[in-house]
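What follows is the residue order along each chain.
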Amino acid sequence: MRIDQVALLPTYVAAATAVLALLVDLLVPGRRGAVIGATAFGLAATAATAIGVGLGLGDAGRRTAFCFGPDQCSLVSDPAAAAVGAAFAVLALGALALSVPLLRTGEVPVGEYCFLLACSLTGAVVLGGARDLITLIVALETLTLPLYLLVGIRRGAATGASAAVTFFVVSVVSTAVALLGAGLVYTATGGLHLADIAHAGASAPELRPLLKVGMVLLLAGLAFKVAAVPAHAWAPTTYDGAPLPVAAYLSTASKLGGVVALLLVGVVAGGPVLATSGLTLAVLAVLSMTVGNLVALRQRRMVRLLAWSSVAQAGYLLAPLGALLASGGRTPDAIGLVVAATVAYALFYVVLEFAAFAAVVAARGSTDGGDITDYRGLARRSPWVAAVLVIALTGLAGLPPGLAGLFAKVAVVRALLGGDAAWLAVVVALNAVIGLAYYVRVVATLFAAPAAAPLPPDSAAPASVGAQVRVGWPVGVAVGVAAVVAVLLGFAPQGVLELAAFFR
Amino acid sequence: MSTGQTMLLALLILPAIGALFAAAMPARLDRAARVGGTAFAAATFGAALFFVPGTTTPGTGAILPWAEIDVPWAPDLSLRFHLGVDGISYPLVALTTALTMLCCAYCLWRVPDPGRGRLLVALLLVLEVGIIGVFLALDLVLFFVFFEVVLLPMYAVIAVWGGADRRRAARKFVLYTLFGSVLLLVGVFTVVSATGTADLVALTDPATRPMSSGLQLFAFVLLAVAFAVKSPLWPLHTWLPAAHTEAPTVGSVILAGVLLKMGTYGLLRVAVGVAPDAAARSAPVLGILATAAIIVGGLVCLAQTELKRLIAYSSVGHMGFVLLGVATLTTTGFQAALIGNIAHGIVTGLLFFVAGGIKDRAHTGELAQLGGLRETAPALSGVLAFAAIASLGLPGLAGFWGEAFAVFAAFERGGPLWSTLGVLAAAGAALAAAYFLRLLRRVTHGAATPAVTALTTEGRLRPGELVAWSPLVLLTLAVGIVPVLVLGYSADPVAALAEVITR
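Line by line, the protein sequences give chains U and L.
Heads up, the first sequence is in the working numbering, so the first residue is 1 and it goes up one at a time.
Heads up, the second sequence is in the working numbering, so the first residue is 1 and it goes up one at a time.
Hint data in this document are derived by calculation from the structure and do not stem from the laboratory.
Be aware that one or more of the hints could be misleading.
Pulled a few chain L residues facing chain U out of the computed Cβ check, cut under 7 Å [unchecked claim]: (1) L20; (2) D76; (3) L77; (4) L178; (5) F179; (6) V186; (7) T190; (8) S193.
Listed below are several chain U residues computed to face chain L (Cβ distance under 8 Å; list not exhaustive) [said to hold, decoys possible]: (9) A34; (10) A425; (11) A444.
Please read all numbers here as calculations on a predicted model, not as lab measurements.
Using N, Cα and C, we set each Cβ at its ideal position, and we do this for glycine too.
Let the sequences and hints guide you as you build the complete structure.
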C-alpha cells in the first residue's frame, strides 16, 4: 500500500497544532497569550499547508494515500479537499480569535480549549479527502467529539453542561443511525470505498432495496451535523448554552463538515440510488427550511434565533441536492450544477454566519448572546458592529446590501431550475420571504431607540443594556475580516463559484 | 470606452458615491452631507441629460440600445454586467434622476422626524442606484439583482422616517415585495435554464426564441405576478396604501413616482418581451384585471377620508390604465403605457409632495379636518388643485395622454371584450374625475376648520417646496402640451416590440 505523505501533510500540521497547544501550556504555565499565539500559528500553518498542497498537485490533479486499487483509495488530496481543509482551518482560526475574551476571563482552561479546537480541525481536514465510509465517519466523529467538551467547557456554567449533554445524546443517536446505514450499505454492495458503492448497483438488483434503506439511514444520520430537521432539536439549546465562539464554530465549520459528508455519501457514492438520495435530501431540505423559518419567527433570544435560522439555512444548503430526485436532475451536467450550487451556498453561508456570530461577540462579549431587545440602539453605540450585523443578517436573508447572500440564493434557485425541480425552487423562494420577516425584525431592533427604563442602581447585571463591551483586538480583526470578505464576495462571486466547481 | 458607456456607468456610480459620502459624514456635518448628496443627485441628472436619441445599431430584435456596456460578471450564474439605454427606458431613467434630485433638494430644507437627514439622502441615492439599474439592465439576472437592491432601503425609509404605524407598514411592504421578487427569481431562471442565455437583447429577438409554449406560459405567469405585486396591480395592491400613508413625503414621492414603474417597465420589457406568445394568450386576463383595477381603485377612492391614502389608491387606478395599455399588445397601447408611466410619476410625485406639505402644516391628513384650505393657504391649495386636475386626466395636462390612449388602444384592438373594457375604463376615468373633485371640494372649499385656520402664517410655500415643486408643475404642463417629448423617444422601440409580438 502506497502512502503519499504530502497528501497527509495538512492533517499532520493540524494534529501537531493540537500537541503544540498542550506543550506550550505545559512549558509556559500561566501565559495564556503564548498558548493562543502558538495555536493561532498552527491553525494558520494548517491553512497554508492545505493551500500549498492544493496548488502543488500538478497535472495529475490529485494525490492519494491508503489505496487498494486505482479507485479504491481511503484518502485523496485534490483541489476540493485542499479547499475544504483550508476553509476549516480559517474558520477554526476565526473561532479562536472570537474566543480570546472568553479565554481571558479564566473561566476556561486555555491549553485544553486550544487542544480540543485543533483536534476538531484535524478531523475536519481528513474529512475533505475521505473516500471510504469508515474514514469518513471517523473523521466526522473526530470533528464532533471535541465539541462535546468545548460546548460545556465553562467552569460552573449549568447551561453549558445541559447544552453539552443534549448535543452528546443527539449526536450519539444519529451516529448510531449513520453506522447502521453504513452497515446496510456494506451488506448490499460489499464495498466501503465510495467508488465501489457507486459502481455496485448493476451487480445485485435484489439487494437494491437494502442499499436504499442503508443510504436513507446514512444520510439521515449525517443530517444531524448540519442540524437539518428532524435531527435539529439540539441546535437551539446547544448554541445558546455553549460559549459564543463554540456556537460560531458549530454553525459554520461543523455544518460545512456535514455538507461535505452528505455530498460524499449522497452524490459521490450515491450512483445506483441517486434518486433515493435526492428524495431523502429533498424531504430534509423542505422540512428544515420550513420548520426553521417558522420557529425562528417566535424567538426572543439572539443565539436561539441564529440557531433556528441556521436550521433553515441547512434546508437551503440541501435543497439543490433535492434536484437529484428528478430524472432531469441526474444528468452529469445537472449533477455538477447542483453540487457546485450546494458548495457555493455553503461557502457564502459560512462567511455570513461567521460574520453574524463575530458581530454578536463584538457587541456582547463571548459568553452570552442575550435577548434581541438587548440590541436596541446598537447602531448608535457601535455603528460598525451594527453595520456588520446588518450585512450578515440581510445576507442570510438573501438580500442586498451585501450581495453575497443574494448570489447564494440565486445559485440555489438556478441549480434547482436547471435540474428540473421547479417545485423545490418555489419552496425555497417562498421560504426566503418567511425568513426575511425575522431577519428584518432584528435589523430594525438595532436601529430602535435604546430601552427607556434604566436598571435599578443596585442591580449588578454584567453586560447590561447600553453598556459598551470591550472585547480586544482579535475579535475586532475577526469581525473586520469576515465583513470585508462578505462584501468582496458580493462583488466577485465568480471566485467562490469556480472554487465550488472543483467539487463537480 | 465611448462617452455613452461612460455616462451609463456614471448613472450608477455617481449616486453610489454620493450615498457613501452622505452616510460617512459625521452628525455635526449633517447639512453639508445633505448638500453633497444633492450635488451628486444633480450630477446624475446631468449625466442622464447627456443622452440624446442616438443612432441605433441595425438589428432585428426588439431592443436596439443607444449605448451599451457588456462585461461578464459571474459566468457561472449567467450574470453579465450588461447595461444599455433605449427609447423605452430613457424617459424613465430621466424621471428617476429628476425626482431623486428634487427629493434630495427637498431634504435640504425639510427633514422628517427623527432627523439624521444625511442617512435619508444616502438611502434615496441607494434607491436611485437600484431603480436606474433596473431600467438600464439588459441582462435578466442583473435586472433581478437591481430589483432586489431597492427592497431594504425603501423599508428603512418607511420604518425610520415614517408615520405612527410605520413599522407594520414597512414590514408589509418589504414582505409583499420580496414575495414578488422571489417569483421574479424563479421566473428569470426558468427562462435562463430553458434558453441558456440571460441576455435580454437575444431573448427578445424573435430569431432566437427556443422556449416551448408551455414553458413560456409558466415563465410569463411568474414574471407577470412578480411585476403585478410591484406595480401594484389589483388584487395584489394591499401593501401600497399602508406604505404610502406611513412613508415620509420623499419616500412616497420616490415610491409612487418611480419605484412602482419598475413593475410596469418589467412587464413591458421582460415579461412581454421574453414570452410574447404567452403574453398574447394572457392578454384578455390582463386586460380584465387592469379594468377591474381602474374601477375598484376609483370606487375605493370615493370612500377615502385620508389625503395620502386617497392618492395611494388613485395610483392603483392609474396603474390599471398603464396595464390596460400593455395588455392590448398594440403600438398605441405600449405608447399609452409609457407616457402613462411618466405622467403618473410626475403628477403623483407632485401630489404626494403637496399632501406632505399639507400634513406637515395641519398635522392631519383627514379630509374632514382640512376644509377651507383655500382661505389660509391659497398657494398650497392651488398647487393641490393643479395636481389633482392633472391626475384626473384633463386634456392639456400630462395625465390625459396615457388614459386616453389606453382607452383608444382598447377600442382599436376591437372585438366585444376589448370594446367593453374600453367603455369600462372610460367610466373609470370619469370616476377619477369624481373623486378628485370631491377631494378638492372637501379640502380647498367649504368652511375653514380649526386645524386650517391655525395656519395663517405657515400658509405660504417654503423655499424647499418652491424648488422641488416648480419643475414638476412645469413638466406636467410640458408633457401635457408636447407629449412627443416622451413619445418621440419611444416610437421606434415600441414599434419594434409590437412587431416582434405579431411576428
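So, against the hints stated earlier in the document, which numbers end up violated here?
Checked against the structure, the hints that fail are numbers 1, 9, while the rest are satisfied.
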